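Novice: One-letter residues, chain by chain:
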Amino acid sequence: MKPRKHIVDTTLRDGEQSPDISFSRAQKLKILDALINAGVEQIEAGVPSSNSYEKETVRCIIERKGTAKISVWSRLNVDDVRHCIDCKPDIVHISVPVSYVHIYSKLRKNKTWVVKQLYSCIGLLEASEAEISIGFEDAFRADITFMFTLTQALSDLGITRLRLADTVGVATPTVCGETFLQLGANLGANAGLGIHAHNDLGMAVANTLSALKNGCDYADTTLLGIGERTGNCDFVKLIRATGSLFDWGITTADAEYAQKEFITILRGG
Amino acid sequence: MIRITDRTLSCLDKFDVSGGELRDFARLLATIGVDWIEVSEKAYRLMGELPEGGKYVLRLKNANRAADYRDFNRFVCRNAQETADDNVCAEIVLNDIHERYTFARYSGYKSVRIRGLDNLLLQNYTSAFQQIRDPFSGFVEMCPSNGAYCATAITAEWILSGGSDVVTSFGGIGGFASTEEVILYLKLQRVRKVGKSYPEFPRMRRALESITGLPFPHSKPILGDHIFVVESGVHVDGIMKQPKCYEPFPPETVGQRRRVTLSKQSGTESIRMKLDELGLSIEPKQIQKLLSAVKKKSIEANRAICDEEFISLTREFDASV
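In the order they appear, the protein sequences are chains U and P. In short: position in the first sequence from 1, add 36, done, that's my numbering. In short: position in the second sequence from 1, add 1019, done, that's my numbering.
Think of the hints as simulated: they come from the structure by calculation, not from any bench. Note that the coordinates shown come from a computational prediction; the quantities given were computed from them, not determined experimentally. A portion of the hints provided could be inaccurate.
Simulated restraints on C-beta separations [as the list claims (entries may be wrong)]: (1) Arg100/U / Glu1118/P: 48 to 56 Å; (2) Arg1119/P / Thr185/U: 40 to 48 Å; (3) Arg1089/P / Gln218/U: 53 to 61 Å; (4) Glu1296/P / Glu99/U: 35 to 43 Å; (5) Gln188/U / Arg1209/P: 51 to 59 Å; (6) Asn226/U / Glu1271/P: 25 to 33 Å; (7) Gly159/U / Ser1311/P: 25 to 33 Å; (8) Lys124/U / Arg1119/P: 22 to 30 Å; (9) Ser1146/P / Tyr293/U: 44 to 52 Å.
Where a beta carbon is used, it is the ideal one built from N, C-alpha and C, also for glycine.
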């Protein structure tokens, strides 16, 4: 029996960061339908703090979600988390910068600040009904010992959903596999690990596959692999390449049909 | 020592290509750090002469015809079982690592090329690499196919496992690992000393597009013309502070430049960067209002807004612009 794995589609969030792509609310709802019909179980709807139009669109998506779980994306920022809670999603995903270049150069903060901010955001979410998912941004250029510290904190708080992002697409399959094994062991038996791969060196599918072979259960994808720069792990390519190894609950034909519908939506249909 | 054989010029036989175009491309390949340039017999006939600066491999249809080509001292042939010419590399096509029983036929060869293995990463690739190396005393080239979208990754893992010879094609033409992806991997991982930058990549992309009539996707790794276009406010902010935050390497490394587009996802840093790019300035207190106007227009138009539209919006806040 093939191991069960799960798609977390982020076409509506990260996919829209592609410079030549912009979705109207109506288009997003059609894409949502296409993904649900294909059997995608979790759909990342957007960033509620981005602007009021986006927040209202996320609310519309949540109203229409059917059996799919809807997650929303937040920076490591309590104000952003509040916008997420307002939308009443199934899952709030908080992206936590973990590499030194992100902590010290982008945020201009330090590791202590990151840990404190993480506790503040999680504290805010504990009063809501949403499941908490934590993402380690730029995990494959990060100090593994800092990630161990954070996973221990998450474990103590009872948080088991953790996603590792290869933010600039520089990981390789062996590095991916080893990192998932190490952090998965630290998070415990109930860990729900996810991978968010970018395709800068053409390895997004390969890195996702390697993560899945080493304890990861959730794979972030986008239709046609759209996304910032070179894009994300391509939904159809991943199902095609790994369908013989994993049970996705989605057939290749269903995935290809969703992609076909997506192309029609992009063309204004 | 890691050696790259680029096989682009043996993948173009079905296209209407001139000898001049092939020679130009060979000259460019010689500048980007590939060690050997593989050409087909047809390509060699069209080229007439081989440009200086490169080392060449000829792809033979018949291994016994190597002696007919005195310009070459290295050959590769898919049907090489019947020759004992030490200069001919036998290309062995494997769909699956379990087909390695065929290796016995090639035990006398000084060099072999393993082509295929699209699905290798689904299996235990570390032990598979060992099973590939063990039967051969000479050198073994790895030429993975891209049917499972993993050819560059297999090439990288072969190198990490100690493999020294890899076969690629520019842009992945023909369904192989992309030469430019492997070169950037080697550069970023500091696995091999490679060039500082590759300003000729865009020219090579255009040359190949002209030959094949097939444009590369805007998002094609390394080559795509939109891969350094930044839209999200979070990313623009990060890049303004430190480009490494959201770029694996500087755009100039591969002959490109960074551009900012404005949309409903933009932030104040995007506005500042675009004003700088266009040589404009407005009162700092107006930037937030200008951002709101940009987002509103982008939502109404359901697309990013162009420079002319941005200039027009900016004038609404500052008539002197």
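Novice: It remains to establish, for every hint, whether it holds in the given structure.
Specialist: Consistency of the hints with the structure:
no., hint, result
1, Arg100/U / Glu1118/P: 48 to 56 Å, "holds (49 Å)"
2, Arg1119/P / Thr185/U: 40 to 48 Å, "holds (45 Å)"
3, Arg1089/P / Gln218/U: 53 to 61 Å, "holds (56 Å)"
4, Glu1296/P / Glu99/U: 35 to 43 Å, "holds (40 Å)"
5, Gln188/U / Arg1209/P: 51 to 59 Å, "violated (31 Å)"
6, Asn226/U / Glu1271/P: 25 to 33 Å, "violated (46 Å)"
7, Gly159/U / Ser1311/P: 25 to 33 Å, "holds (31 Å)"
8, Lys124/U / Arg1119/P: 22 to 30 Å, "violated (56 Å)"
9, Ser1146/P / Tyr293/U: 44 to 52 Å, "violated (37 Å)"
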